[in-house]
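Undergrad: Listed here are the chains, written in short residue letters.
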Amino acid sequence: MNFYGLVDGTEASLKKYLGSLSGVDQVGADARAAMLATRSIKTTSKRWAIDTAITMVDLTTLEGADTPGKVKALCTKAVRPDPTDSTVPSVGAVCVYNDMVEIARTHLDLIGGQHVGVAAVSTAFPSGRASMAVKIQDTKDAVNAGASEIDMVIDRGAFLSGRYIEVFDEIVKIREVCGTKAHLKVIFETGELVTYDNVRKASFLAMAAGADFIKTSTGKVAPAATAPVVLVMLEAVRDFYAMTQVRIGVKPAGGIRNTKDAIKQLVLVNETAGPEWLKPSLFRIGASALLNDLLMQRMKMDDGYYASPQYVTID
Amino acid sequence: MSNRIDVKKTYKLFINGAFPRTESGRTYEVKNAKGVFIANPCLASRKDLKDAVVAARAAQHGWNKATAYNKGQILYRLAEMLEGRRAQFVDEIVTVTGVSKAKAEKEVTDSVDRLVWYAGWTDKISSLSGALNPVAGPYYNFTIPESMGVIAAIAPETPSLLGLIDSIAPIIVGGNTVVVLASTKAPLSAISFAEVIATSDVPAGVINILTGKKDEITPWMASHMDIDGLDISGLGAKKHAEVKTAGTENLKRIYSFKSADPGRILAFMENKTVWHPIGL
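Going down the list, the sequences are from chains A and B.
If you use our numbering, the first sequence corresponds to residues -13 to 301, in order.
If you use our numbering, the second sequence corresponds to residues 53 to 332, in order.
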């Protein structure tokens, strides 16, 4: 593997590559994100943004209490978010635990949801604390069960201790398991990475190692997808594109609960990475409650009066 | 002579346990009976109503789950706090409406007593309206009144304090949460009553108070899909038909009342029937 010619797989080359990155101006990133959050998106633009956001949702259920029934209901909602309105587009994918992948894939195919992907969280999600053999088997299980996207977590302990090569090798190995069958999304758990510099470093590390997407969080740790963190990651994919001519996707997850938050994310994408990223193949939003709010806002735009949560499904 | 600069009160809304200004930035003038300027309260907008309903909806489950005993204590606490600030309320009523001090005193006394009266109903209403129904089988069959959800209310213009209490208390006694539009001409008592609520252990979002124009806000209340019932006691009779028409679209229960009685509590409750097997 040539890793885009950026590193040759040795620790020395990785250190040199990561060492060449510029630092992040924290105050500047916070201010820029706050400024972009003040943009007002109304009428036809809002309508477009709502529909676009729906196609970008990775509809997620990652609970210990998940059952096949709940996953099937989620898949049904993913294909046809509003049963009373066929103009609502399907979401990007459903995101479930490994053992639910087969149930989700089978059910989606059954109800005409071939176009909706199944994302599986692998590699001992959400902590990432397991042996490499277990992580590889975990990923193989998911790919064999029909997952088209693998959301892996990095070993934050190794990353924060400066053992970057371990994190790098791990991503490379999981990438090999995914092969051509599945996209790889690498989760950083930015709430545990402490600084924006670390977020930028992790982004470049994961992209060079072969990630198709970089993802903020598991949704199990707060803070999750804050606007400045997403901004730093979007700048990273933009800079990476300038270096390699390859576009890597970004997936914020966790804490994006309403339409306003989702539209703020789209503004960040447009103004940072650029409009090329405004499509589900390059930008996804990991969420569960968000979809209902998007649907309610859509109803409000159509009907002219405020909608009620009683008119959308609970999960 | 004092050199102090006047410390004037800012009249704000009461939404989700906090005192925000209207997001619209609009205000209107309140004048007393002689036309003298008194205050600039908020002119609530549609978005303020939306925010209040979101808060009321979020608070409803918790308030409904609170025991009748606990609800009663909290309503009684409202009466205690109102009693403690009696002078301020008397003063505001006199200033705005121009009635005599004795008449204002009576309104405040009646308001405190009314709250105590409603507080007593929390653990009695289900005995009054509920029933053990005779059924032809080995079952107990109970009917009990349960809360309806989020209720909006238009408080009458006068009496501004007592009318407000009649618009709020019966609704929350039944486990509902409420968004109330205060008297337009005399909103000062309502805003001060929000301060009473804020110090009475009423959970945030259970009572939300807006100030503004009835003609503007009532149609939004009627068409809002997430408001389950509407008390239009404070709305002129000419407007009733229009509001009821708008409310049928979303099956909203719309009532108006002339007096304080248990029926006012039950209007915004729904009967639930439970079958319980008796050992065979």
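Check the hints yourself; a few may be wrong.
Stated by the list, open to error - Restricting the straight-line Cα-Cα distance to at most 27 Å, the calculated cross-link-like pairs of lysine-lysine (DSSO-like) are:
#1 A:286 x B:102
#2 A:126 x A:2
#3 B:296 x B:83
#4 B:296 x A:32
#5 B:117 x B:324
#6 A:58 x A:206
#7 A:246 x B:99
#8 A:28 x A:206
#9 B:153 x B:324
#10 B:86 x B:266
#11 B:310 x B:266
#12 B:99 x A:286
#13 A:246 x B:324
#14 B:153 x A:28
#15 A:286 x B:117
#16 B:86 x A:286
#17 B:102 x A:246
#18 A:159 x A:56
#19 B:83 x B:265
#20 B:99 x B:153
#21 A:32 x B:153
#22 B:117 x A:28
#23 B:324 x A:286
#24 B:83 x A:286
#25 A:28 x B:102
It should be emphasised that the hints constitute simulated quantities derived from the structure, not laboratory data.
Undergrad: Each hint: holds or not?
TA: Comparing the hints with the structure gives:
1. A:286 x B:102: Given pair residue 286 of chain A, residue 102 of chain B holds - Cα atoms ~12 Å apart, limit 27 Å.
2. A:126 x A:2: violated (32 Å)
3. B:296 x B:83: violated (31 Å)
4. B:296 x A:32: violated (32 Å)
5. B:117 x B:324: Status holds; Cα separation ~15 Å.
6. A:58 x A:206: holds (23 Å)
7. A:246 x B:99: Holds, because 14 Å separates the two Cα atoms, which is no more than 27 Å.
8. A:28 x A:206: violated (32 Å)
9. B:153 x B:324: violated (47 Å)
10. B:86 x B:266: holds (23 Å)
11. B:310 x B:266: holds (19 Å)
12. B:99 x A:286: Holds: residue 99 of chain B and residue 286 of chain A sit about 13 Å apart, inside 27 Å.
13. A:246 x B:324: Judged against 27 Å, a Cα distance of about 38 Å means the pair is violated.
14. B:153 x A:28: The hint is violated at about 51 Å.
15. A:286 x B:117: violated (30 Å)
16. B:86 x A:286: This hinted pair is violated, its Cα atoms lying about 44 Å apart.
17. B:102 x A:246: Given that 27 Å is the threshold and the Cα spacing comes to 14 Å, the pair holds.
18. A:159 x A:56: Status violated; Cα separation ~32 Å.
19. B:83 x B:265: It holds: about 15 Å lies between the C-alpha atoms, which stays within 27 Å.
20. B:99 x B:153: violated (38 Å)
21. A:32 x B:153: violated (54 Å)
22. B:117 x A:28: Roughly 39 Å separates the two Cα atoms, so the pair is violated.
23. B:324 x A:286: violated (31 Å)
24. B:83 x A:286: Violated - the C-alpha atoms of residue 286 of chain A and residue 83 of chain B are around 37 Å apart, more than 27 Å.
25. A:28 x B:102: holds (17 Å)
Consistency note: the structure conflicts with the earlier hints numbered 2, 3, 4, 8, 9, 13, 14, 15, 16, 18, 20, 21, 22, 23, 24.
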